[in-house]
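Chain E is already provided as a structure; the job is to place chains G and X on it using the hints.
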Amino acid sequence: MQINPIHLKELAALINAKFIGNEHHLITGLNEIHRVNTGDVVFVDHPKYYNKALNSAASTIIINKEVECPLGKALIIHPEPFTAFNILCEHFLPKNYSLIETSNTAFIGHNLIKMPGCYIGNNVSIGNNVTLHPNVVIYDNCVIGNNVIIHANTTIGSDAFYFKRREKNYEALYTCGEVVIEDDVIIGANCTIDSGVTSTTKIGRASVLDNHIHIGHDVEVGEQCLMAAGVAIAGVCKIGNKVTLWGQVGISSSVIIGDGATVLAKSGVNENIKAGETYFGAPAGPAKEKMREIFAVKQLPNLISKLYTE
Amino acid sequence: MQINPIHLKELAALINAKFIGNEHHLITGLNEIHRVNTGDVVFVDHPKYYNKALNSAASTIIINKEVECPLGKALIIHPEPFTAFNILCEHFLPKNYSLIETSNTAFIGHNLIKMPGCYIGNNVSIGNNVTLHPNVVIYDNCVIGNNVIIHANTTIGSDAFYFKRREKNYEALYTCGEVVIEDDVIIGANCTIDSGVTSTTKIGRASVLDNHIHIGHDVEVGEQCLMAAGVAIAGVCKIGNKVTLWGQVGISSSVIIGDGATVLAKSGVNENIKAGETYFGAPAGPAKEKMREIFAVKQLPNLISKLYTE
Amino acid sequence: MQINPIHLKELAALINAKFIGNEHHLITGLNEIHRVNTGDVVFVDHPKYYNKALNSAASTIIINKEVECPLGKALIIHPEPFTAFNILCEHFLPKNYSLIETSNTAFIGHNLIKMPGCYIGNNVSIGNNVTLHPNVVIYDNCVIGNNVIIHANTTIGSDAFYFKRREKNYEALYTCGEVVIEDDVIIGANCTIDSGVTSTTKIGRASVLDNHIHIGHDVEVGEQCLMAAGVAIAGVCKIGNKVTLWGQVGISSSVIIGDGATVLAKSGVNENIKAGETYFGAPAGPAKEKMREIFAVKQLPNLISKLYTE
Chain E
1 MQINPIHLKE LAALINAKFI GNEHHLITGL NEIHRVNTGD VVFVDHPKYY NKALNSAAST
61 IIINKEVECP LGKALIIHPE PFTAFNILCE HFLPKNYSLI ETSNTAFIGH NLIKMPGCYI
121 GNNVSIGNNV TLHPNVVIYD NCVIGNNVII HANTTIGSDA FYFKRREKNY EALYTCGEVV
181 IEDDVIIGAN CTIDSGVTST TKIGRASVLD NHIHIGHDVE VGEQCLMAAG VAIAGVCKIG
241 NKVTLWGQVG ISSSVIIGDG ATVLAKSGVN ENIKAGETYF GAPAGPAKEK MREIFAVKQL
301 PNLISKLYTE
Chain G
1 MQINPIHLKE LAALINAKFI GNEHHLITGL NEIHRVNTGD VVFVDHPKYY NKALNSAAST
61 IIINKEVECP LGKALIIHPE PFTAFNILCE HFLPKNYSLI ETSNTAFIGH NLIKMPGCYI
121 GNNVSIGNNV TLHPNVVIYD NCVIGNNVII HANTTIGSDA FYFKRREKNY EALYTCGEVV
181 IEDDVIIGAN CTIDSGVTST TKIGRASVLD NHIHIGHDVE VGEQCLMAAG VAIAGVCKIG
241 NKVTLWGQVG ISSSVIIGDG ATVLAKSGVN ENIKAGETYF GAPAGPAKEK MREIFAVKQL
301 PNLISKLYTE
Chain X
1 MQINPIHLKE LAALINAKFI GNEHHLITGL NEIHRVNTGD VVFVDHPKYY NKALNSAAST
61 IIINKEVECP LGKALIIHPE PFTAFNILCE HFLPKNYSLI ETSNTAFIGH NLIKMPGCYI
121 GNNVSIGNNV TLHPNVVIYD NCVIGNNVII HANTTIGSDA FYFKRREKNY EALYTCGEVV
181 IEDDVIIGAN CTIDSGVTST TKIGRASVLD NHIHIGHDVE VGEQCLMAAG VAIAGVCKIG
241 NKVTLWGQVG ISSSVIIGDG ATVLAKSGVN ENIKAGETYF GAPAGPAKEK MREIFAVKQL
301 PNLISKLYTE
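Protein chains in written order, with my numbering: chain E, 1 to 310; chain G, 1 to 310; chain X, 1 to 310.
Bound conformation, chain E alone:
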């Protein structure tokens, strides 16, 4: 998320933190690590990820240890970077939910069919020739392209499911991102597409989603993908173009699936899939291997009987 540019010194003061770097160093955005750009603040609180954060595109790093500051960057030292980042996001991007059905700040194109019970939040942008069936909910800041159809009781832009475990509770990472639905997308009934944390969850042009589909925060779905009912994709996955996910498939967070890949029904994917491959199983592997395994397992009871009677 872009913010009005602010100097390092002023930003650090907002969270009462010490900083390392030029006090006039400029901050122009807030993003979490998967989506950082030059000018952004990012946070890191585990030594395992220090290098990733320090070497990312981010210009300023909130960190819980005084380390060497990379050239041209700045550090903000804070005992709880996660919380510090949340405070900054809430400061610069405060929530102010609209309590009316269609916010006055929504931008709506031509020929919207908006059926009863739909909610359109602040700063939502809707293209031309869009159909929203009854009770569709679109949270603040989401962007819906042209010719999009969304079926009843679907939720677009709910908060990211991204937490830090504390002793007494889970602290949620403050969601201030958006969902972008590109042109010609069709979304079924009772689906949920979570907002990006500070950035974008994207459904690419002409993709079609059946009912009861869950898309986690910051997922990027390519163009012309097809997902059957009950698919659940965890946060930060990257799904290529023309990918097919059959019914009830689940995909773990941060998995990358190549163009034209297919995942067969009920599979659980926890590793990347190359373009054009077909996967099956839970945990999923190449479908041909899995089919061989299934065939082998069918023979196993008799094999064991035989081995133990020989």
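Since the hints were made in silico from the structure, they are not lab data. From a predicted model like this one, the values you see are computed outputs, not experimental measurements. Do not take every clue at face value.
It does not matter which identical chain is used: a pair holds within one copy or between any two.
[Unchecked claim] Below, in silico cross-link-like pairs of lysine to any residue (SDA-like), each with a Cα-Cα straight-line distance of 25 Å or less: (1) 9 with 103; (2) 164 with 275; (3) 274 with 167; (4) 306 with 107; (5) 288 with 39; (6) 164 with 90; (7) 274 with 165; (8) 114 with 163; (9) 114 with 28; (10) 168 with 80; (11) 242 with 108; (12) 65 with 38; (13) 9 with 116; (14) 114 with 172; (15) 306 with 291; (16) 168 with 244; (17) 48 with 38; (18) 95 with 147; (19) 274 with 294.
Then chains G and X, alone, in the frame of chain E:
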């Protein structure tokens, strides 16, 4: 779907297509292949299915090749039968969504309890003593029997998930069917039951559905079935009477399940199941066989250790 | 559920039933077997469960056979205890749905953010600083704590999925319980949490639920649990504190999961899990064993080839 009867010549003219047959040959309906009756137009665009379409009950076949016309039938030759069929459906059965909570053309029986936020579309028919919990959505043309209870945020009659892959997008088969919910059915919260494409998705008398259940287009569920939470049934399946599907079961399209069969939780069914059988697994098989396999697999690590140390 | 105290003789008369015990024996509540207290009526209709019911905390047992009456208790003899119990529940706790968005009998704390399309039923209690995103539905009698966030299109308090199979239909056990959501809980979009039958379904303090989660009737979820998208928990389960359930996990009814346990994605749990253990698979077992089995199965096709060619 029935349409006002029309002669072959006039119908073919609507899609600028050549026809084979008597120009006064009468067309009385439009249906896709799984649901055709005498008098219907059907479409077929793949040689693999030519015979099925030509020998079906349909009286008129839209086809992308000049083949021999069966006796007493007619052919319409069109390079894109799928698109041609869509054009005809839209022509004869145009959508005209109601933008008010309860359509003026809905027929509602006695003692309806309609809680806030429910949507009742055009030509919906609702029997006596029905309870619609808040935010239930019923699309156009659906038929709800007597004594039916539908829990909150459930969607009845959303579009079929039926597409043809084109180079640049997915072309949707135009949905103009309906859902029929028979008497004494109970449907849980946040369920989705898709409309038949040109025909009917049916939930049989006294069946009970838990929450988060998905029923695809043109599925026929028999009487007194029980489905636990998270079941997803793909399009065109036929589920017998007194079938039990436990939690999170998935069923592939066009599967037939016999009366009194049981599918255990989390199974994925991709083959027909005979009456009275119990299935388990993904892919599912007879539960006894699967339990033997599971027992055998438990022994496998030690068996392998033993074989490799002998 | 507590009721106004009533004497045995009067209660039995409501269902035209014979009783065994002091006619002035007092009844102060109605509960099903998993949740009975002193003073309650419970029902039992299968010899297999007679002893459990007779020896439970319940003071009065509706039973379909004349058995010996435990000391200090009373029996009500009825050919259909399930139906008799339903009649009593409907008599003492009749449903009277509110047909307005926020019932006049709801108790609402400070700083409620209630977005459009939400429904708040009779006798609902809502704490301070609660956020209800659009189209959240809260059925009668539910209790929402402080600082709770519920995302769009979620349903709280739908009827228990608890039926008795009859020759011609399923008879539903009458739902007259509640859901209690404790402080600091976050619930995602399009979730469903069923009511207790006569008692409470509970989500413990500071637990966080992702989207599309189903919690069955009378489930007790502890504090600081985390559930990823698509989890489904069947009725009467007991989930400890700090339990983690990853995506699309399913749990069979009445399972008990100990504090700090973890269930990996897509697992189906049908047995109790001890505190601190990690489970995987469907049916689930200790994750380490399952991983060994998966590794062994990968080797199996080659092992079989080798065995058959030796």
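Hints, verified against the model:
| no. | hint | verdict |
| --- | --- | --- |
| 1 | 9 with 103 | neither (36 Å within a copy, 51 Å between copies) |
| 2 | 164 with 275 | between (34 Å within a copy, 21 Å between copies) |
| 3 | 274 with 167 | between (40 Å within a copy, 21 Å between copies) |
| 4 | 306 with 107 | neither (71 Å within a copy, 67 Å between copies) |
| 5 | 288 with 39 | neither (47 Å within a copy, 45 Å between copies) |
| 6 | 164 with 90 | within (17 Å within a copy, 45 Å between copies) |
| 7 | 274 with 165 | between (33 Å within a copy, 21 Å between copies) |
| 8 | 114 with 163 | between (34 Å within a copy, 24 Å between copies) |
| 9 | 114 with 28 | neither (36 Å within a copy, 33 Å between copies) |
| 10 | 168 with 80 | within (15 Å within a copy, 48 Å between copies) |
| 11 | 242 with 108 | neither (29 Å within a copy, 44 Å between copies) |
| 12 | 65 with 38 | within (22 Å within a copy, 58 Å between copies) |
| 13 | 9 with 116 | neither (49 Å within a copy, 41 Å between copies) |
| 14 | 114 with 172 | between (32 Å within a copy, 20 Å between copies) |
| 15 | 306 with 291 | both (23 Å within a copy, 18 Å between copies) |
| 16 | 168 with 244 | between (41 Å within a copy, 15 Å between copies) |
| 17 | 48 with 38 | within (22 Å within a copy, 55 Å between copies) |
| 18 | 95 with 147 | between (29 Å within a copy, 16 Å between copies) |
| 19 | 274 with 294 | both (22 Å within a copy, 22 Å between copies) |
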